[in-house]
Structure formats: structure tokens, C-alpha cells
Amino acid sequence: MKAPAVIRVLLADDHAIVLEGLRALLDGEPGIRVVAATTDGADVTRLVEQHKPDVVVLDLELVGMKGTQVLAALRARPESPKVLVLTAYTDGEALRSALDAGADGLALKTESPQQTLAAIRQVHAGQLVFPQAARRWIEGRGAAAPGDLTPREREVWALMAAGLTNPEIAERLGLSDNTIKFHVQHLFSKLGVKNRTEAALKFAQRR
Amino acid sequence: MTRRDTEARAASRRLLATSERELQRIVLDMHDGPVQDIFAALSQLQVLERALAPDPPSQERTQRAIGLLERALGEIRNFIGAFRPPGFERRGLSAIIEGLAVQHETLTNQAVELTVPGDLGDCALAAKIAIYRILQEALANGHRHSGAMMQRVTVSRRDRLITLMVSDDGKGFDPERVLASEADVGVEGGHFGLRGIQDRVAMLGGRFALESAPGRGTSLSITLPAG
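Chains as they are written, first to last, in numbering that gives the first Met the number 0: chain Z, 0 to 206; chain H, 0 to 226.
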């Protein structure tokens, strides 16, 4: 029988006391082992090469090299480890930059370290670990335009793709021409398209 | 408007930007100091708590200490969430608003249905700050008082005017009574209230409209010049 798998973890954080604390906590956990720790972002890829960790816990504010650059470098590797970003910020920008850089999850330094521990196990198991609020970005991961379409915009989009003009759409939905123009404008900007043809094409290509 | 009024308004705008820079510094100090220390201390205490399993009274004492530190950390999380300026100088208004909606959902679990164009065009620093802080306050009010599951936010632009609408289908209230009770309160617990929203709008020469009544939801609409 195979021995139970141990999750090999690399810690990268610019605060040595955080590294020391997390290492103590994780090493006391069954099934988890810290294989390396560093405060220097420029060191991370070398350590990954050397120790082949399963999960990298990465603070975005490292010395030497920025966390997002480290993440990009890891993602460029043929066998990239799972990456859990550790940050103190709950705002959209922190969340967005972690997602855009290709992180597998986000844990907060303003929550219990037990949450970080749970998140390490979750990303290792292949889950994406982000706050529920990030769903609008996860669903559109890779899409250029931010924001979800509202139900009304979806309706307008479908009718536009079916070849209806603005006045026809207005009549169909019982709305004014100006309201439809307003929706069309938003729709174009959210979809990142310039005209109705491109919008219709995108409608046909949607999943 | 007299020259003196114009100068006073320009000075207010500069003050607004200065206070945001000060907030940035305070938040950074909190981040680099207490947050790291408490997080590290909690990690160590959790190791200790496990090791104390054979000694229940000591273990319980440690659990209490852990609980207190977690509470302190939670308060810092809310503080940082409320005060950290979202990179006003680097980022566009749409991105800032979207980030705020996500943060509100993350911290409160109350949904935000957001409609905002991908690009709201160029916008003066003072207008960006005002729109962000007003939206933040409106969302916080809606969360604390409305009892609604969800708030709707719509931002649009027409020529030089930006319009922000925040509404919910919650409990509603009597605006005149609330405004009167807020008259001399000022900033309390980081919240500047409806009066503060009105003041910020007035400082930038914008328009403010509030519709609400008990049992009928709330709808706030402000229009500001982009700069």
C-alpha cells in the first residue's frame, strides 16, 4: 500500500516572524511538511526547482521580486505547483491581481492561520479558493471586459444577435429607444466590442 | 460663484487628497506592524494550544487568548477594508468601483448588483475620491439598516457628469428625520452618514437626491462633475 501523500509546502513571505510562525504551525500538522521558506521573491523559483513543492504560499509583497512576477515565473514552468496567495487586503484590487496572475487561491493574514492551513489543503486538492465575491471574475477568467451582464443586457444582446434594430428591441421589451441605446452602450463596453456585428459574433461563440 | 468660493472649493479638494494620503500611510503601518505580529503570534499559539492537550485548564486559557487575538485581527480587517485608499492615482474609476463592490460582498456577504461601463473616462482625483467614499458609505448604510439581501449600484456618465445610483428594497426610513438627527454628529466610527454624503457632493458642486420611506426601500442618486 502507498504511504499517505504528504503535502510539500514552500513559504515565501517578507516577514521572518510570519515564516517562523507558519512553519511551526504547518510542521505540527499531519500530512503537511514545510520544505523551504524564504523572504526573497527572487529565490522562489530556484527553491521550487530544488524542492519541488506541491503548494507555494506566497505573499504578494516580497523583497527582491514582486509576488505577481514570482507567480508568473512559476506559471511559466512545465510543472507549476499550486499557489496560494497570502495577503492582508480584502479589496478588489488584491483579489483581482491574485486571480489575474493565475493563483489557485487566496488566504487572509487578517483571518486565523487555521484558515491558511485549510486553504493549503483545498488548493492542493485542486479547488479554487477565493471569496464568493470573486465569482464574477472567476467565471469570466481571461475575458477582457470587467463586470457581469445584467439580465436585461443579456436579453438585449440575444435580440441584437437575432438581427433586431434598437427600435424593434425597444418595442419587444416595452422600453424606450433611449433605454435600449443605453443598454447597447454598456453591452459593447462590457463585451469589449465595437459594433453589433462583433457583439452578434460573440453571442454565437459564447459557451 | 465668487473667486473666494472657487479658492475655498479648490482648497477643500486638496485637503481631501491629503487626508487620503495620510490614511494610506496609517493603513500601511497597520499592515506592516500589528497584522504580521498578530498573525505570527496566532500561529505560535495554535501550536502551543495543541501541545497543551494534556493540561485542559492551560489549553482553555490559550484558546481564550487565541479568540481575543482573532477578534483584534478581525477589527483590523474591517479597519483596513474601510480606510485603505484603492489606488486613486493609478486606477480608473470603473475598476475602483468594481473593487469596492467585491470588497463589500467579501466583508458583509451582502450581494451587490453592479452596472458600470468598462471605462468611465477621465475623472479628476477629487471626484474619484468623493464617488468612492460616497458609494462606500451608501453601501455600509444599506448593509447596516436596510435588512435587504442585495443592493443595486449603477454608475453612468453623460458628457462631464457622472451619476451614481444606489438602491435597495429594504426597510427604508424617513430621510428628514435621519438627516436632522445627524446634524452635529460628524464622523463617527469612520462613517460620515448621509450628511457627510451631502457635504461631499456640495463641495464638488454636484446634486444629491434621496428617496426613501418606511417599508418602501431606499434610492440614493448623486450626480457630480467629472472635474
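FYI, nobody ran anything at the bench for these hints, they're computed from the structure. Don't be surprised by glycine CBs; every beta carbon is placed ideally from N, CA and C. Worth double-checking, as some hints may not be accurate.
[Claimed, not checked] In silico SDA-like links for lysine to any residue, alpha-carbon gap of 25 Å or less:
1. Z:K201 - Z:R171
2. Z:K65 - H:P213
3. Z:K51 - Z:A4
4. Z:K65 - H:D173
5. Z:K180 - H:R24
[Said to hold, decoys possible] Residues from chain Z that face chain H, not an exhaustive set, calculated with beta carbons under 8 Å:
6. T67
7. L98
8. D99
9. A100
10. G101
11. T109
12. P112
13. Q131
14. T149
15. S188
16. V192
[Stated by the list, open to error] What follows is a set of in silico ranges between Cβ atoms, one per label pair, in the way DEER data are often shown:
17. H:L160 - Z:E197: 27 to 37 Å
18. Z:R153 - H:R49: 46 to 56 Å
19. Z:A71 - H:L124: 23 to 33 Å
20. H:L67 - Z:L200: 51 to 61 Å
21. H:D118 - Z:A71: 20 to 30 Å
22. Z:P166 - H:D198: 36 to 46 Å
23. H:P174 - Z:L200: 43 to 53 Å
24. Z:R171 - H:R159: 25 to 35 Å
25. Z:E154 - H:R90: 47 to 57 Å
26. H:R24 - Z:P29: 41 to 51 Å
27. H:L124 - Z:E154: 47 to 57 Å
28. H:S11 - Z:K180: 31 to 41 Å
29. H:G204 - Z:A117: 46 to 56 Å
30. Z:K65 - H:A212: 49 to 59 Å
Comparing the hints with the structure gives:
Simply put, K201 of chain Z and R171 of chain Z have alpha-carbon atoms about 22 Å apart, close enough for the 25 Å limit, and the pair holds. Using a Cα cut-off of 25 Å, the hinted pair K65 of chain Z and P213 of chain H is violated, with the two alpha carbons roughly 51 Å apart. Between K51 of chain Z and A4 of chain Z the CA atoms are separated by roughly 14 Å; this keeps the pair inside 25 Å, and the hint holds. Between K65 of chain Z and D173 of chain H the alpha-carbon distance is near 50 Å, which puts this suggested pair outside the 25 Å criterion.
Taken as a hint, the K180 of chain Z and R24 of chain H pair is broken in the structure, with Cα atoms around 44 Å apart against an allowance of 25 Å. A least Cβ separation of about 14 Å between T67 of chain Z and chain H goes past the 8 Å threshold, and the interface hint is therefore violated. For L98 of chain Z, the suggested interface contact is broken, since its CB lies about 10 Å from the closest CB of chain H, more than 8 Å. Interface restraint check for D99 of chain Z: the shortest CB-CB distance to chain H comes to about 12 Å, outside 8 Å, so the restraint is violated.
The beta carbon of A100 of chain Z comes no nearer than 16 Å to any beta carbon in chain H, farther than 8 Å, and the hint placing it at the interface is violated. With a least beta-carbon distance of about 18 Å to chain H, the hint placing G101 of chain Z at the interface is violated under the 8 Å criterion. Checking T109 of chain Z against chain H: minimum C-beta separation of about 4 Å stays under 8 Å; hint holds. Look at P112 of chain Z: its Cβ gets to within about 4 Å of chain H, closer than 8 Å, so that hint holds up.
The criterion of a C-beta within 8 Å of any C-beta in chain H is met by Q131 of chain Z, whose closest approach is roughly 7 Å, and the hint holds. Evaluation of the T149 of chain Z hint against chain H yields a held restraint, the C-beta minimum of about 6 Å falling below 8 Å. Residue-level restraint check for S188 of chain Z holds (minimum Cβ-Cβ distance to chain H is 4 Å; threshold 8 Å). Hint status for V192 of chain Z: violated, given a least beta-carbon distance of 11 Å to chain H, over 8 Å.
Checked against the hint of 27 to 37 Å, the C-beta distance between L160 of chain H and E197 of chain Z comes to roughly 29 Å, which is consistent with it. Distance hint check: the CB atoms of R153 of chain Z and R49 of chain H are about 51 Å apart, consistent with the given range 46 to 56 Å. Hint check: A71 of chain Z to L124 of chain H, Cβ distance near 31 Å, so the stated range 23 to 33 Å holds. Look at L67 of chain H against L200 of chain Z: about 58 Å separates their beta carbons, and that is inside 51 to 61 Å.
Take D118 of chain H and A71 of chain Z: their Cβ atoms lie about 25 Å apart, and the range 20 to 30 Å holds. One distance hint, 36 to 46 Å for the beta-carbon pair P166 of chain Z and D198 of chain H, holds here, with the actual separation near 43 Å. One distance hint, 43 to 53 Å for the beta-carbon pair P174 of chain H and L200 of chain Z, holds here, with the actual separation near 47 Å. Here the CB-CB span from R171 of chain Z to R159 of chain H is close to 34 Å, well matched to the stated 25 to 35 Å.
Taken as a hint, the range 47 to 57 Å is violated for the pair E154 of chain Z and R90 of chain H, whose Cβ atoms sit roughly 31 Å apart. In this structure, R24 of chain H and P29 of chain Z meet the distance hint of 41 to 51 Å, their C-beta atoms being roughly 43 Å apart. The beta-carbon spacing between L124 of chain H and E154 of chain Z, approximately 37 Å, falls outside the hinted interval of 47 to 57 Å. The given range of 31 to 41 Å is respected by S11 of chain H and K180 of chain Z, whose C-beta atoms sit roughly 36 Å from each other.
With their beta carbons about 50 Å apart, G204 of chain H and A117 of chain Z fall inside the hinted range of 46 to 56 Å. The hinted range of 49 to 59 Å is satisfied by K65 of chain Z and A212 of chain H, whose Cβ atoms lie roughly 51 Å apart.
Checked against the numbered hints given earlier, the structure breaks hints 2, 4, 5, 6, 7, 8, 9, 10, 16, 25 and 27 and satisfies all the rest.
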